[in-house]
Each structure stands twice: as C-alpha cells, then as structure tokens.
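As a plain string of letters, each chain reads:
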Amino acid sequence: MNIERRDFFKILSAGAVTAVGAKPAHARKWQHRGRNNDAPAILYDATLCIGCKTCEVGCKKANNLEVEHSSLDEWHGVKNVWDSADDLSTSSYIKMKLYKNGSGAVKDQEKDGFSFMRSACMHCAEPDCQSVCPTSALLKDPKTGIVTWNVDACCGCRYCQVACPFEVPKFEFDKAFPKLQKCFLCNHRIAEGKIPGCCEACPTGATLYGTYEELLVEAKKRIGMEEGKTYDFPVNRVDSDRRETQKVKKYNSYVYGEKEGGGTQYIVLASVPYEKLGLPKLPPYSSSGKSEKLQHTLYAYLISPAVLFGGLMVAAYRSTKKENKEE
Amino acid sequence: MEKLKPIEGKIWTKPFQVLTALAVISVILIAKRFIFGLGDVTGLNDGYPWGLWIVYDVVTGTAIACGGYAMAILVYIFNRGDYHPLVRSALMVSLFGYTLATVAIFIDVGRYWQLHNVFMPNYFNPNSAMFEVASCITLYVIVMWIEFSPAFMEKLQKKKQLKTINRLMFIFIALGVVLPTMHQSSLGTLMIAAGEKLSPLFQTMFLPLLFLISAISMGFSIVVFESIYSSLALKRPIETPLLSKLAKLIPWLIVVFLVIRFGDIIYRGELGLIFNFDLASIMFIIELLMFLIPAIILFSEKNRSSSQKLFVTSAVIVLAGSLYRFDTFIVVFNPGHGYHYFPAFQELMITIGIIAMEIMAYLIFIKRLPVLPEVKHA
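So the protein lines, in turn, are chains X and E. The opening residue of the first sequence carries number 405 in this note's numbering; numbering runs sequentially from there. The opening residue of the second sequence carries number 62 in this note's numbering; numbering runs sequentially from there.
No lab work stands behind these hints, which were simulated from the structure alone. Be a bit skeptical, because a hint or two may be false.
Claimed, not checked - Cβ-to-Cβ under 7 Å is the rule here; a few derived chain X residues that face chain E: (1) D512; (2) S540; (3) C558; (4) C559; (5) R562; (6) Y563; (7) A567; (8) F577; (9) A580; (10) P582; (11) E696; (12) Q699; (13) I707; (14) P709; (15) S723.
Beta carbons are placed, not taken as given, at the ideal position from N, Cα and C, and that holds for glycine.
So here's chain X without its partners, still in its complex pose (with noise of 0.2 Å):
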C-alpha cells in the first residue's frame, strides 16, 4: 500500500462521494492528467541516432533487466551472449529499430535510405492506459508526468494493452504470478537527481533529457535550422557542457509527441516521415479521452440511471401486482 492512513480515509470518503454522485473526470487527486512545462521529459532525435543500441545497455543496468533473445537467437541455441530482444517486452523497456528503404544507401532518407527509431513509453499527457485502468493501478504522477505501474492495485485485466496507441506496457504471460512491465522513465534514479539511464549512456545526444519545455524549443529550434549547417548538438542532457558538432539534417516539419493523443512527454524528432518509422497517426487527443466523456455524459450523477430505474420500477409494479393477485 503507497498510500497513507489518514490519506485512506480522504480518498474513502472521496470515493463514497464518487460512487453515488460519479464525478465529473479526474476529481480524484491522483488521476492526474496533463502535462507541465518542468516535468521531466526525453527528447529522440533520430538524425543523431548512431544506432549503437547503448541506450538499450543503459536502461538495463539503470533496472536490473534481464538479457534477452530473439527468437532466432534461441533457436539456434545462443544464451546470455548479447543482448537481442525482437521488440519491447517485459525485459526491454526500450528497444532500438530500423527502417529501410530500397537500397538502404543514405541514412535519414525516405527513399532509399534508413533512420533509426527508438521505442519507449511515450509517458503521456492523457494516458488511455491510465484512464481505463479499473484499479488505478497505473497512474500518472501530478508532479513528474511519470506513468507509473502500481503492483499492489493491478488486476492483471490487460485493458492498458487494448488501449494504449504505441503498445508500450508488456505483461508476463509466462509467469503464474504476473506483472506489467514497462518504462517508468527511470524515476529511481531522478529522485536521487541523476538522468534516466538512456539518456546517460547515450553517446551522440540522440536521446536527451530535460524538462518537457527545455526540449521542445530545442526541438523546434532544430527543426527551423538550415539543413547542411553545423550546430553543437548537446549531449546526456539538454544543458550539458558535453556538444557534439553535427551537420543539421532536414527534419520533418513538426515535433511527435506535441500534440500526438494529446500530448507526450517523450518526444521525437525525424527525417523519414514518422507513421514509417512505427509512431502511429493519432488525433491531437487521446481516444481515451473521448470514451471518458461519453460515461461521464451518460452516467452524470448517475442520473440516467436513476430516472430509469425509478420508471421501471413502476412499470415492474403495475406488471407484477396483477400477477400476485391472480396466485
């Protein structure tokens, strides 16, 4: 239990307030949605990208991760050589992939070229995970933005799978006692004020941290750059003394993650259009969003309900005392 005794009771009778009155969305103090400017938040750029899967290293020291395999590798009977997982799983939080094109000849390049993509809990602004989960088991930390797992709430029903648009959280199928699994953005490690362990190990810069606000006028600004000029990129964190000289690419003219289901905090900047690099076309809300809406319309202070029960009630009455009667 993460939560207090005194807490307990608040949210107890918070929660009898809920149940008979339904709320409207997000009373509850811990169903925290948005996003603010200082959370701290990952930019990707995939320009920058070397492809050298360290990130992946870096995420599995920072959270005593397993190695893993591919299928391939297990079928040809490699173990705990290097570490080889087909995509994330519930001992990869993050996971390296490319996209190739033709020939494949030029990095960054839609035709005939290849770009990197780097998948990872996209920490959302309004996480469907967080909205369908029906023990709140997964929530979003009002301050951090951080969607965290609560494994003294899950039910183990899945629906954050159904909902959420990238396939981030992963379950353990195999395991007679199951947990999900996913990023958590390394709060651990936040808490003691180190950076995630992504974005430390990265070499290049490709994979930034900073504050959501820090890195998005660092995204915009790449974006606006003239293609072909040098810029110092910074490296590990968004206001490191630590800059790597790169040329400027051509980047796509705008930032996922700004607006992507109403927003994330794991941002992406690209060359190759991004549906092609696995980052889905979403509306600028979340899908979550509008199912929420609608229960909330139809179940107001479960007023429909009421009104109904109470009409069929009587319709029941009329029906059944004839009934009675004829006995």
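Once you've looked at the hints, dock chain E against the given chain X.
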C-alpha cells in the same frame, strides 16, 4: 396462469456423461493455467491481450445471455403477460451465461488475487468503462439469482417466503433491466479507448448503442432458438404461435441497428471503406448479410409461422451479433507491430468446458425445478 413444472427424468444420461468429460478436461486445464500462467494454455500476447475467454465467455456470452433481459423488458415493462411462459427458462439461461462469465473473468485476469481492487474505494476508477462493466455484471448476477429464487422456493414449498419475494420482485425486475442496459452498452464503450487500432468501420462513438441494440436482438433470438431447440430435444410441443409473435420484434431491432450503423458511417464520411475489400470491409459485409437476410425473412408473417424458419433465422441473428463482437474485439482489432492471435487448443477446451457446464446446469435445473411450462396432454 400457466403452470411451470419440472420435467423430471434421469439426469445421468449419455449426453450428460459427455458433457461431464468435457467439463473435467477444462477443470484440469484451468488448474494448469493457475500453475504455469496464462501463456501456458492460451495464445494471448501483448498485442492481443484479450482473446477467446474475454470475447466469447464474457462479451459474447453475456450478450447471448440477454434472453432474460429481453423477456423482462417485454413481459414486465411493456406488460405483455402472454409471453410469461417463456420468462423463467429465459432467465435461467441468462443466469448461467452470466455466472460463468464471472468465472471466466476470474480465470482470465492475470492477478486474480487482487481482482477485488476493482471495487475498493482506494483503487477503483469510475473513469474506466471496465469499472462500469465489472460492477454492473457483478450486481446483475446477484439480482438474477434473486429473480430466479422463486423456482427453488416453489420446489421446497416455502409459501411464506415465496409471497414476500414475489411482492418485492418488482424492484429486482427493474434492476434486472437497468443493469444489463448499462453494462451491455459499456461493453461496447470498452473498445472506444482502443482508438486507431480499430477500423473506422467499427470504431465509433455509437459503439455502446450498437452493442446494446444488438444484445437485445440477440436476447430475443436466443429465447426463440432455445425454446424450439429444447422442445425438439425434450420431445415437447413447440410454442410456435407465441414465438412467431415474439419474432416479429426482432427485424425491427435489426433495422434500428443497421440504420444507426450506416447513418454513423455515412455521417463520418467513411462509407467508401466498405468497398475496400480488406479484412475490415469483408467482415463488415458478412455481418451485414447475417443481420439483414434473417431480418428480411422475419418480416413476413408466413415465414414467422414456420418453426423451421424461426429456428434458423434466430440462430443466424445470434451468430451475427456474436461475429460483430468478435470482429470488434479481435478480428478487425489491429495492434500492429506484427502481432497475431489465434486461440490455442487448450484455451478453446477451457471455453468448451465452460459451455458444457452451462448445459449441464441447464439440464439439471429443468429436470428438477419448475422452469418450463407444463405440457397439456391433448
């Protein structure tokens, strides 16, 4: 008033033995699931976290079990007492469908020892359609057992309790209509959060309404189907006149369903997707035919007076509604990232075993409790 009577007879018959074998196999496999985890017996994966158990046993199973709900609306709300002989058996089928759906949920959730958190004030989440579904299904199962309790009391000759419960019954009947209205629609709402993973032919804000209407038409159809089937199997006279009157309602419900479905697709400007002939469009067309053809047949009074045609059309409508649910939750649902799902053999056997248990309970109940109308000897 008509009399309901147990039909008596031997319970341990050949078919019952087969059902028992299937049930035993599934119990063994269920034990295996709890020891080795979900992945050991199912084809579930991170892309398709919901499979046969959720989509058949819960989503489709409870819709098929809407007979009790549909009949309650007709008999008690619209006061059509003439359908009364069908009520109790319809209710009983619903009772088993829903009770076993809750069992299936318990088997399906990964962390079942924390399932009660759904109702705990410090954990529950009214923003989730799942919360609404879970609370309403749980309450409805309790309400249905209360609604059915007079069958036990009649059997045990508890006249006083019977009188009390019958006097209060109107409360439970009303609840027995409100609760399925709420959760059958919310079962549709569940998939709104899946957003872009569902083709625009299926993804709509009208999912709850479409799920509700199709559940009610499935409810009436299953009453017709179950009544004819049990009459044939138990060599009892078929109540054709009553059933054909009941079947008159079904095509109208389907018309409403299709008008909303098409109207919404046209309004959203996605009509062209029907002619894409990809998976979503093909499934959509198959569903459409499975809803439309029986509806057209049932519009004719002559067809409705044929018990054969009633039997086939009602079965097809139940299948159409089931397909609509399977499509929305699995077939057309596309998480991308190369995920595929097909139910594993053991997963299927568990579902078959649960259905076997349902039928076994049905056979025991009709043979020992007053559920079916008394046969008048000519």
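Problem set entry | Cut-off 7 Å, beta-carbon criterion: hint that C558(X) touches chain E | holds (5 Å)
Exercise. For the hint on E696(X), does the least C-beta distance to chain E fall short of 7 Å?
Worked result: holds (5 Å)
For this session: Have a go at the A580(X) hint: is there a Cβ in chain E nearer than 7 Å to its own Cβ?
Result: holds (5 Å)
Exercise. Is the hint on P582(X) kept, meaning its closest Cβ partner in chain E is under 7 Å away?
Worked result: holds (4 Å)
Exercise. Should the hint that P709(X) touches chain E count as held when the rule is a Cβ pair under 7 Å?
Worked result: holds (6 Å)
Problem set entry | Restraint check, 7 Å cut-off on beta carbons, for I707(X) near chain E | violated (13 Å)
Problem set entry | Residue hint F577(X), partner chain E, criterion CB-CB below 7 Å | holds (4 Å)
Problem set entry | Cut-off 7 Å, beta-carbon criterion: hint that S723(X) touches chain E | holds (5 Å)
Exercise. Against chain E, is R562(X) within 7 Å by beta-carbon distance?
Worked result: Given a least distance of 4 Å, the restraint on R562(X) holds.
For this session: Closer than 7 Å between Cβ atoms is the bar; does C559(X) clear it against chain E? Give me holds or violated.
Result: Holds - the Cβ of C559(X) comes within 7 Å of chain E, reaching about 5 Å at its closest.
Exercise. Does the nearest C-beta of chain E fall within a distance shorter than 7 Å of the C-beta of Q699(X)?
Worked result: This interface hint holds because 6 Å falls under the 7 Å limit.
Exercise. Does the interface hint hold: is Y563(X) within less than 7 Å of chain E, judged Cβ to Cβ?
Worked result: holds (5 Å)
Hint compliance for this structure: hints 1 and 13 are broken, all remaining hints hold.
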